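Novice: Residues per chain are reported as follows:
4 protein chains.
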Amino acid sequence: MSVPHPIVQYTSSASWAMVEDKFSPFAKETLANLVDFFENEIAPARKLAHVQLPTDPIKRWQTVVPVIEELKVKAKKRGLWNLFLSKAHYPEYGVPLTNLEVCFIDMRLWLSCLAEGDILRHRLSTALRQTRATWAKVLAKYGTPEQQKKWLIPLLNGEIRSAFSMTEKGVASSDATNIRTSIRREGNEIVINGHKWYISGAGDPRTKLHIVMGKSDPGNKSAYNQQSVVLVPADAPGITVVRPMTVMGYDDAPEGHCEVIYDNVRVPLGNLVLGWGKGFEIIQGRLGPGRIHHCMRSIGVASEALDTMLRRVTDPSRKTFGKYLYEHGSVIAEIAQSRAEIESARMLVLSAALQIDTYQAKGALKEIGIAKFVVPSLALAVVDRAMQAFGAEGLSQDQHLAEMWSNLRTLRIADGPDAVHLQQVGQRELKRAPELHKQAATRAKMEDALFTKAGIKKAHL
Amino acid sequence: MSVPHPIVQYTSSASWAMVEDKFSPFAKETLANLVDFFENEIAPARKLAHVQLPTDPIKRWQTVVPVIEELKVKAKKRGLWNLFLSKAHYPEYGVPLTNLEVCFIDMRLWLSCLAEGDILRHRLSTALRQTRATWAKVLAKYGTPEQQKKWLIPLLNGEIRSAFSMTEKGVASSDATNIRTSIRREGNEIVINGHKWYISGAGDPRTKLHIVMGKSDPGNKSAYNQQSVVLVPADAPGITVVRPMTVMGYDDAPEGHCEVIYDNVRVPLGNLVLGWGKGFEIIQGRLGPGRIHHCMRSIGVASEALDTMLRRVTDPSRKTFGKYLYEHGSVIAEIAQSRAEIESARMLVLSAALQIDTYQAKGALKEIGIAKFVVPSLALAVVDRAMQAFGAEGLSQDQHLAEMWSNLRTLRIADGPDAVHLQQVGQRELKRAPELHKQAATRAKMEDALFTKAGIKKAHL
Amino acid sequence: MSVPHPIVQYTSSASWAMVEDKFSPFAKETLANLVDFFENEIAPARKLAHVQLPTDPIKRWQTVVPVIEELKVKAKKRGLWNLFLSKAHYPEYGVPLTNLEVCFIDMRLWLSCLAEGDILRHRLSTALRQTRATWAKVLAKYGTPEQQKKWLIPLLNGEIRSAFSMTEKGVASSDATNIRTSIRREGNEIVINGHKWYISGAGDPRTKLHIVMGKSDPGNKSAYNQQSVVLVPADAPGITVVRPMTVMGYDDAPEGHCEVIYDNVRVPLGNLVLGWGKGFEIIQGRLGPGRIHHCMRSIGVASEALDTMLRRVTDPSRKTFGKYLYEHGSVIAEIAQSRAEIESARMLVLSAALQIDTYQAKGALKEIGIAKFVVPSLALAVVDRAMQAFGAEGLSQDQHLAEMWSNLRTLRIADGPDAVHLQQVGQRELKRAPELHKQAATRAKMEDALFTKAGIKKAHL
Amino acid sequence: MSVPHPIVQYTSSASWAMVEDKFSPFAKETLANLVDFFENEIAPARKLAHVQLPTDPIKRWQTVVPVIEELKVKAKKRGLWNLFLSKAHYPEYGVPLTNLEVCFIDMRLWLSCLAEGDILRHRLSTALRQTRATWAKVLAKYGTPEQQKKWLIPLLNGEIRSAFSMTEKGVASSDATNIRTSIRREGNEIVINGHKWYISGAGDPRTKLHIVMGKSDPGNKSAYNQQSVVLVPADAPGITVVRPMTVMGYDDAPEGHCEVIYDNVRVPLGNLVLGWGKGFEIIQGRLGPGRIHHCMRSIGVASEALDTMLRRVTDPSRKTFGKYLYEHGSVIAEIAQSRAEIESARMLVLSAALQIDTYQAKGALKEIGIAKFVVPSLALAVVDRAMQAFGAEGLSQDQHLAEMWSNLRTLRIADGPDAVHLQQVGQRELKRAPELHKQAATRAKMEDALFTKAGIKKAHL
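Protein chains in written order, with my numbering: chain A, 45 to 505; chain B, 45 to 505; chain C, 45 to 505; chain D, 45 to 505.
A couple of the hints might just be wrong.
Pairs count within a copy or across copies, as identical chains cannot be separated in the list.
Taking lysine to aspartate or glutamate and the EDC-like style, the derived pairs with C-alpha atoms no more than 16 Å apart in a straight line are [unchecked claim]: (1) Lys91 x Glu114; (2) Lys91 x Glu491; (3) Lys475 x Asp359; (4) Lys193 x Glu136; (5) Lys118 x Asp80; (6) Lys489 x Glu83; (7) Lys213 x Glu437; (8) Lys367 x Asp219; (9) Lys406 x Glu325; (10) Lys482 x Glu83; (11) Lys91 x Asp492; (12) Lys482 x Asp359; (13) Lys213 x Asp359; (14) Lys475 x Glu371; (15) Lys185 x Glu325; (16) Lys118 x Glu83; (17) Lys120 x Asp80; (18) Lys497 x Glu114; (19) Lys193 x Glu203; (20) Lys482 x Glu348; (21) Lys502 x Glu491; (22) Lys322 x Asp261.
Please keep in mind that the hints were generated in silico from the structure rather than gathered at the bench.
All values reported here derive from a predicted model rather than from experimental measurement.
Make the full structure from the sequences, and use the hints.
Specialist: Here you go:
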């Protein structure tokens with residue numbers, strides 16, 4: 045047997061064996077590069093990054109964490125930059141990686157949460173954001189050359205950041221027709237009025253662009269032609285970043301998920317994207333890969349939590365009554381359970397990714413849906429067991445577990461709550477019913493023939 | 045049927061019917077008084093109390109929340125003061141309420157979390173504290189008249205607060221023999237050196253007393269005579285409150301659960317409690333009632349979460365696709381599940397309380413243990429469903445659900461993690477085995493006689 | 045403390061303490077009498093009863109088990125007869141026991157499954173039967189003196205048995221308007237045509253009476269006046285008992301749950317019960333107490349399963365690798381879990397029973413519903429753990445566990461599947477919403493006043 | 045895209061996509077052949093096979109089901125014979141299929157339960173048997189030419205059957221040193237005395253061979269050299285097949301899992317296999333592939349159960365209150381849950397199979413263990429939901445669900461109960477601890493360097 049790929053140390057050899065032959069040489073090299081970068085640069089920098097972010101409620105929103113800026117430079121040098129942009133979708137800027145390949149990258153990168161918007165740009169932005177690729181999609185796919193020059197290039201270079209502004213306060217937003225923000229033309233200008241929240245990145249000092257979705261034609265007969273998307277400079281008069289919304293108590297500074305008011309904000313006509321009424325077209329379909337990359341990240345988080353738990357329960361200084369923690373109660377069974385959940389979650393996400401690569405997101409909705417409602421819950425269970433193994437310390441700032449849990453918890457809501465995905469997967473299964481009824485009828489007919497031939501009267505059975 | 049007691053609006057009539065005849069007239073009156081006070085004074089003050097606590101990381105630890113001080117005065121006037129002190133245990137200061145009766149009070153008071161140390165004094169102090177009654181027990185039961193005069197009276201009056209200092213950093217503290225803090229005599233003084241954490245209340249500006257547990261005689265042959273308890277003024281030289289430990293991201297200011305260093309802290313000999321080597325005697329047995337009151341509080345929290353969920357799923361402004369939230373998916377089943385869990389949790393705690401009242405904590409260890417490992421998990425599940433029903437908002441500061449969840453999560457650890465209680469209850473069941481083997485032998489003998497009489501040979505069955 | 049009641053050996057002292065003061069002296073005496081009878085007569089006879097039932101597929105349906113007939117005589121002598129008939133509902137024949145009191149009797153009697161129809165008459169008839177009291181209700185409450193003389197007296201004496209014939213083959217019977225069996229008058233006769241199944245008792249050689257529900261007036265505008273109930277002798281021409289339906293592989297002979305065809309069965313007009321179109325009135329409301337008695341029986345079953353497990357895991361002859369079974373893995377935690385589930389299930393059923401006693405079944409629908417969807421699942425989990433502790437033997441005929449499990453499994457369906465009860469309880473909770481919205485509005489108003497008074501502007505929180 | 049392989053109709057296209065490139069052309073053809081054979085021959089014959097097995101408790105053990113004999117002939121003709129024998133292990137007789145490939149075959153063949161010993165020989169023998177390949181391993185790998193001629197050839201031809209006799213009554217058999225059956229030499233004969241049970245196949249009229257494991261050298265210092273294996277003709281004097289052990293009420297005739305007594309059974313010396321004291325060597329390692337094939341079969345069962353449920357909930361004749369069953373309560377969510385569980389179970393088994401193919405069973409113990417403790421429970425949950433959707437009928441003989449469930453339940457015990465596999469997987473994870481401690485130390489060192497470089501003192505974090 046040959047030397048195993050370095051990624052195997054973080055995954056099971058079983059799951060790697062299942063996909064290895066589907067990886068390009070480029071993907072394997074990139075992955076090895078990343079594993080090395082992660083272990084030698086990202087992992088050791090995590091605590092420093094935490095410390096470099098002030099606790100002061102004002103200053104933490106004005107800070108650019110130095111160690112992350114250094115990591116950005118290093119990542120660029122190693123070619124680990126903008127990996128999330130698929131060449132298939134963005135030929136000009138993208139990297140030739142499939143969704144399956146990117147899954148393993150995501151799984152390893154979870155740890156760079158703090159760094160997300162920077163090191164590998166928006167890949168690992170905190171939860172509740174719309175999706176990592178929204179700005180890329182909007183600008184790289186639909187932007188005019190002017191828009192691209194002004195916003196896309198600096199975004200790709202990591203010089204500025206953006207906020208995608210969609211979710212609205214007081215609105216049941218899973219039904220998109222409920223959107224209320226108004227976008228209307230006045231002469232050569234577009235005027236925006238609305239009240240949004242959970243706008244990820246809006247609190248960041250480097251954010252220079254809001255990509256705002258609103259209703260431009262509420263009376264349009266087609267519910268899917270009422271929306272438009274507009275580019276709004278972050279410093280435009282009339283924008284108020286009201287406050288960060290906390291998530292399970294965390295403010296996720298400096299990025300944050302902010303409440304934002306647009307009060308008669310005016311931008312030039314040229315800031316419209318793609319065209320009037322094209323809002324839905326722009327955002328649709330964007331969620332497929334994003335969803336499973338969230339899932340894969342969850343698996344990385346869960347793996348780290350299990351490793352953390354393993355260290356604790358084998359720590360000689362935590363012995364009680366002469367026994368290691370793992371020798372008490374059900375600890376070993378819990379570890380086995382966690383391992384099993386991680387492996388089954390991983391395989392679900394990998395098959396969803398492969399399905400997307402083969403059939404596009406539309407042909408993979410069942411697999412994406414399953415991953416979406418299964419994986420975050422499994423990961424939460426794994427992290428919860430790890431917290432419990434640590435006692436009070438497990439819930440504190442001295443371990444990352446509480447923050448992990450809180451972050452994962454959002455994934456049962458972001459990009460559609462569990463219930464929505466359960467319904468969609470269930471509905472999709474129901475579509476198999478006609479075929480199954482037909483099959484049953486065919487079998488029954490053949491069965492009858494067998495009974496007749498055997499001279500037996502078919503009764504109740 | 046007569047008019048139901050006002051508490052019924054917050055509980056099921058079924059559980060009230062089960063215990064009503066066990067309530068004294070005083071308990072019923074007090075409970076009605078409390079329900080009224082809660083609804084008209086505490087509930088409306090909650091948000092103001094939140095706002096009156098600054099977000100500044102320094103100032104929030106120096107603040108006495110005005111609205112809570114006002115509530116304290118009102119509570120005293122209504123006779124709702126120091127209710128947690130049982131007359132049975134503290135004849136001089138206590139109130140004639142049984143544990144069963146106090147359960148209902150706890151269930152209703154959960155909401156006054158912020159106010160806990162004040163309105164009803166330490167009853168509802170945040171999780172991870174040792175127990176609400178520790179200071180009362182230490183001082184009222186074991187204190188000298190001098191100690192009582194100096195500390196107990198102002199504590200009972202709500203003028204000062206205390207911190208019980210037991211848990212140690214880096215120590216597997218569920219095995220009490222691991223304690224390392226040193227308490228030794230030097231002439232007429234006691235010298236204390238140690239490193240503690242999770243010291244609830246140590247951050248509060250009103251805290252004037254640390255009650256410190258440590259090892260005074262590490263070489264003593266009996267592991268239970270090595271510890272002593274000493275009273276330490278909060279401003280004694282050598283005490284450093286290092287930092288608050290956060291719990292799932294919350295700092296629980298101004299009380300907090302702090303890391304504290306005692307570096308050659310000196311107090312007079314007269315600050316020793318009960319005697320040298322009496323530390324274990326002082327703290328033992330203290331956890332029984334505390335544990336179930338935590339549980340009952342959990343049930344109050346879960347009930348409020350379910351009510352909150354009910355309001356959301358019936359809110360016309362949250363309709364999607366023309367349907368109320370409750371008309372989607374499994375929402376109704378989840379509500380039913382939550383109601384069932386609340387009721388079963390409540391009955392478990394009530395029977396544990398009654399058992400304590402009848403047989404003392406020692407005779408109720410099985411019931412206490414069951415409540416302890418069952419109830420917090422059920423309550424967490426209820427709150428989690430409510431969070432999910434709210435979407436992202438459910439995890440934010442605009443609803444109390446995230447804070448509730450985080451607070452409840454500590455109860456699976458505080459006063460012994462779930463696993464410890466599972467083991468203890470399981471071990472207690474195993475003690476029934478000899479009796480069961482005997483019963484089986486007796487039955488088998490009678491069985492044989494029946495077979496013989498019937499003339500049938502007993503084979504495999 | 046006084047000597048505990050003998051029932052305490054089978055329950056927790058905690059649950060008995062909760063209800064003891066609600067028991068009449070008669071109930072306490074009867075319960076003590078029953079405990080003694082159970083331990084000395086029923087328990088030892090169980091295996092013999094099994095052996096006395098032939099395995100031959102024909103003969104087992106023609107057998108009256110001798111040891112059960114002997115137990116019937118003994119039970120009558122001790123006054124333990126027809127205990128299920130409540131004096132409140134059947135003044136002439138009944139026993140003065142409340143539902144709460146009967147719960148404890150049920151819990152202890154579960155073991156007499158085989159004997160059920162006999163020893164204490166229909167109380168513990170196997171699952172999927174309509175309900176223990178159906179024939180009593182139909183005859184004692186609605187029967188004419190002639191009907192009572194002919195059928196009720198011998199039923200009460202245990203000389204004959206009956207079958208309640210309601211569920212229909214191929215019909216979604218949870219919607220009662222779907223019933224298809226035809227009951228029509230022809231001159232002085234009633235003619236019955238229909239295809240029923242799951243008719244409990246129809247296979248028993250002692251069954252002399254079918255109580256048949258059918259449609260007598262399908263065109264009636266009121267869906268609740270279309271049905272009638274008719275008394276049909278078991279040997280009437282036209283009745284075919286087609287086969288027993290097995291339940292998880294068990295045929296439950298000699299009683300069984302049979303498929304029955306009524307082909308032009310004719311009975312005299314006098315066999316109509318109460319009147320034409322009175323079918324619904326007769327059967328409605330009958331399920332409340334029946335449902336919780338099933339639940340209480342489940343708890344008895346689960347308790348015995350846990351005792352069985354305790355014996356196994358402490359059996360020295362089952363040691364492996366030098367350790368008792370209970371010293372391996374999570375066995376102790378599983379035992380604790382089972383004990384907790386049994387106690388919480390018990391308290392739920394007891395409060396439902398008390399609620400019925402206080403408010404009638406109609407006023408206790410929430411409590412009944414909760415018990416119904418919670419308790420059987422908990423009991424199944426307990427029995428499943430016990431099976432697992434025994435290994436292969438646990439699934440075999442050498443232990444009662446497999447049969448227990450299979451029997452309990454039906455209770456998640458009988459008298460309405462879990463889902464129906466979840467919906468009903470959930471709907472009932474939703475009715476609290478208007479009150480909760482009102483309360484929230486009141487609180488908000490008081491809150492606003494507090495903010496105004498404090499001179500603070502109320503913002504987002 | 046090309047035409048999908050016919051197996052896709054029974055699996056998800058996602059899981060097939062993951063492995064398709066690992067399938068040989070022979071495997072793909074065989075699989076297509078099997079799918080066709082299954083759909084057109086096996087599925088329609090199932091009910092007839094049931095009917096052709098008498099219900100009489102004696103005759104059902106003497107019957108060779110005609111339709112199964114016909115299917116055997118057809119299967120041989122189509123080359124679907126002895127597929128379970130891997131060419132890798134049995135070059136002379138085997139088929140060139142990997143474990144991964146065989147997984148899909150198993151998944152499809154679950155339905156031929158009744159036929160198992162025949163159509164594809166021992167592949168799908170009912171649960172609790174030792175393993176499908178035991179006889180093949182014993183004879184093909186270790187048998188002398190004489191032994192092979194006499195027993196192996198007719199076994200391979202399906203003319204006779206065998207029983208592997210290992211589990212002992214009253215013995216905690218998971219600890220193999222507990223085995224008590226005595227195997228000793230007397231002159232030219234071997235004498236066997238022992239009491240076994242759960243001997244699968246011992247009840248079958250076609251069984252001509254018992255392969256008996258026992259202790260030949262109890263005093264041997266090595267616990268692994270005390271055992272020997274002997275071939276015993278089924279009609280040898282001294283063998284008594286006492287009774288079949290039922291499994292959740294099912295007797296699994298005509299094969300059965302029987303209790304067998306060996307009372308001074310004598311066979312010639314030539315019937316010893318491999319050599320004295322070689323018993324452990326013979327049986328060790330045999331369980332790996334067997335375990336996952338059981339798991340894969342579970343997935344086939346679960347898939348069929350879900351299909352059955354889908355048919356029911358979309359059946360117009362089961363509407364209640366004007367709605368399809370799937371429109372009520374949580375049915376759609378349950379379907380989605382079942383689909384997710386099936387897919388995750390499938391991926392776990394497939395990766396275990398691939399791991400065996402790559403690293404042998406020994407190198408795949410973690411993956412096998414995970415599959416073993418996860419998959420049967422998931423499958424049971426799926427079948428349980430399907431039963432529940434059917435109401436009482438779901439538990440009856442008119443649907444296969446109750447039998448499926450009962451059969452699956454054994455898999456949580458057979459080949460090691462869940463708890464054993466949880467422990468083994470957990471222990472295996474614990475072995476990663478030293479590496480994790482080392483990694484943590486390395487990271488901490490690099491972290492310190494970063495802090496130093498940044499001029500920041502590293503405190504608590």
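Novice: Are there hints from earlier that the structure breaks, and if so, what are their numbers?
Specialist: Violated: none.
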